[in-house]
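Colleague: Here are the chains, one letter per residue:
There are 2 protein chains.
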Amino acid sequence: MVYISNEDLDTFDHLYRINLINSCSGYKSANLLGTKSKGGVENVAVFSSVTHMGSNPAMLGFFCRPTTVTRNTYDNIKNTGFYTINHIDESILEDAHHTSAKYDSHISEFDKTQLISEYKNDFFAPFVKSAPLKMAMQFVEQYHIKANDTILVIGKIVGIYIEDELLEDDGFVNLVKGNVATINGLDGYAIPKSNTRFEYQRPK
Amino acid sequence: MVYISNEDLDTFDHLYRINLINSCSGYKSANLLGTKSKGGVENVAVFSSVTHMGSNPAMLGFFCRPTTVTRNTYDNIKNTGFYTINHIDESILEDAHHTSAKYDSHISEFDKTQLISEYKNDFFAPFVKSAPLKMAMQFVEQYHIKANDTILVIGKIVGIYIEDELLEDDGFVNLVKGNVATINGLDGYAIPKSNTRFEYQRPK
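So the protein lines, in turn, are chains Y and S.
Residue numbering for the first sequence is -14 to 189, as defined by our numbering.
Residue numbering for the second sequence is -14 to 189, as defined by our numbering.
Hints are not guaranteed to be accurate.
Identical copies go unnamed one by one, so any copy, or any two together, can satisfy a pair.
To be verified - For lysine-lysine, the following DSSO-like pairs were computed, each having C-alpha atoms within a straight-line distance of at most 27 Å:
| id | residue 1 | residue 2 |
| --- | --- | --- |
| 1 | Lys189 | Lys97 |
| 2 | Lys114 | Lys189 |
| 3 | Lys87 | Lys189 |
| 4 | Lys189 | Lys23 |
Derived from the structure by calculation, the hints contain no laboratory data.
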């Protein structure tokens, strides 16, 4: 095995380091966050840090560094209180990844890609039309992470839209059936083609 | 599409709800966290919430609810300051999932499964021998999440071990080559078999 120490990390160039460390947590979620400014400009951006925090209340968190490309998403959430989380599937990989480009806040990524914005049930923020699973989210609270000056943004799920064939009888959402993507590192996308479920485990 | 409102969620039974909400963030990381108590009892437990927080400093976070099965992991980290994060690959899926069973703190999951503990470079906490990527972690800080009484545990990477063939020339770790797993929901495991990398994106 290759061994990389803490000291080795400091000798790597920027790109090598971010490629490496972004791969280290394992596979990541692949989501498009949809928001809209108070002035009505839509925004959609790829995130790989959306994480389950708890089921009751149903809450998801994500990390952002508001000084980077994610600034528009963060500002819109803070100013309006609402956003959407949309799963990236195989059919929109390239456009989804393109939303990582640094556009000014007056430009909508929906206008620069084939991604189509969609409004449902009078929810304020735009959904991504083709996404096989999409959620209406309401901002709950945020934490400033002192150790690296990032922000954990926490929201509660206020509505879920799921393609019928993904939802199984016991509530399990079969992401394989939706050709949902997972992210490896900064720029790698994989589409799992099969999965295995295991039973609830008790001590032997 | 099926639409599930916030009010619908409250009508579901516990298992349906946790299956559904645990699937909603998309694919999750599949890791075994290795710890050791001050008294020398090893612990290893499956987590699906390990998330990349930043590359410089290299930091990862995970969520836990210390009143549940993750209590031993949390207590050991708080008491000793050290833990390991080990990727779950195809060869250890069943044993990895079995570590979700609620064992008492004086019992090591290494003794109840075929998982083998391994010590490297005098690091305090045990690694999982067969894992294709494993990291030595040092506790940095924690945040109590008021909204649902969970804890975000943040650590810095102090050492990384990677199977040679996974590490590519630009620092990208190809998880597909390691048959690394990703978690769908509470109990679904998938092994992505191919991936695609995209270039750094600039505005069109």
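Colleague: Look at each hint and say if it fits the structure.
Modeller: Outcome of the hint check:
Proximity of Lys189 to Lys97 under the C-alpha cut-off of 27 Å is restricted to the inter-copy arrangement: shortest distance 7 Å between copies versus 55 Å within a copy. In this assembly of identical chains, the alpha carbons of Lys114 and Lys189 lie at most 27 Å apart only when taken from different copies (22 Å versus 47 Å within one copy). Proximity of Lys87 to Lys189 under the C-alpha cut-off of 27 Å is restricted to the inter-copy arrangement: shortest distance 10 Å between copies versus 53 Å within a copy. For a Cα distance limit of 27 Å, the shortest separation of Lys189 from Lys23 across copies, 25 Å, qualifies, whereas the shortest one inside one copy, 56 Å, does not.
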